[in-house]
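So the protein lines, in turn, are chains A and B. Counting from 390, one number per residue, gives the positions in the first sequence under this note's numbering. Counting from 390, one number per residue, gives the positions in the second sequence under this note's numbering.
Hints may be right or wrong, so weigh each one.
Stated by the list, open to error - Straight-line alpha carbon distances no greater than 30 Å define the calculated DSBU-like cross-link-like pairs of lysine-lysine that follow:
1. LYS479/A x LYS452/B
2. LYS403/A x LYS452/A
3. LYS403/B x LYS403/A
4. LYS469/A x LYS479/B
5. LYS402/A x LYS402/B
What the hints contain is simulated information worked out from the structure, not anything from laboratory work.
There are 2 protein chains.
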Amino acid sequence: MEANDNTVYIGKKKPMSYVLAVVTQFNNGQNEVTIKARGRSISCAVDVAEIVRNRFMTDVSYKDIRLTTEEVEGENGPVKVSSIEIFLTK
Amino acid sequence: MEANDNTVYIGKKKPMSYVLAVVTQFNNGQNEVTIKARGRSISCAVDVAEIVRNRFMTDVSYKDIRLTTEEVEGENGPVKVSSIEIFLTK
Chain A
390 MEANDNTVYI GKKKPMSYVL AVVTQFNNGQ NEVTIKARGR SISCAVDVAE IVRNRFMTDV
450 SYKDIRLTTE EVEGENGPVK VSSIEIFLTK
Chain B
390 MEANDNTVYI GKKKPMSYVL AVVTQFNNGQ NEVTIKARGR SISCAVDVAE IVRNRFMTDV
450 SYKDIRLTTE EVEGENGPVK VSSIEIFLTK
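Just chain A, same shape as in the assembly:
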């Protein structure tokens, strides 16, 4: 995953932290914001996207949604984890 100014990575915080981050990006003039997550955080990424669209910015829509598999370093060598990229646009 490459880092971009308009990318929000989902971690262990509560969904509202990431909702705020996405809304802030749009309010700062971005026309597209990407939400990225891996493994168990994927459910949270979907929550964040849906909360942004339904509660805060109803003019935002899904431009694309991509599912991939990435290899990350685990405790016992490389492990494969699923990932999601949600491309939001307004």
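Go by the hints and put chain B onto chain A.
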């Protein structure tokens, strides 16, 4: 969510149970299989789709991926949960 023969609902079982269900649908002659999940099961749905595509049926691709919000009955009245629909085709 409407039930269809070619729809696999993700619940609390291990991912491999659902991978087997998807592969079986394709092997029974379906050209399209839909994976549906809500809430915390969304991560598992993505795992299932990626395992099917990368390990079992490399000719299967994503036709569409849809994110929505559904209202379900919770212990204290209706609650909103995110859901995912992953449309697989070969």
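**Asked** Checked against the structure, which of the hints given earlier come out wrong?
**Response** Hint check: nothing fails, all pass.
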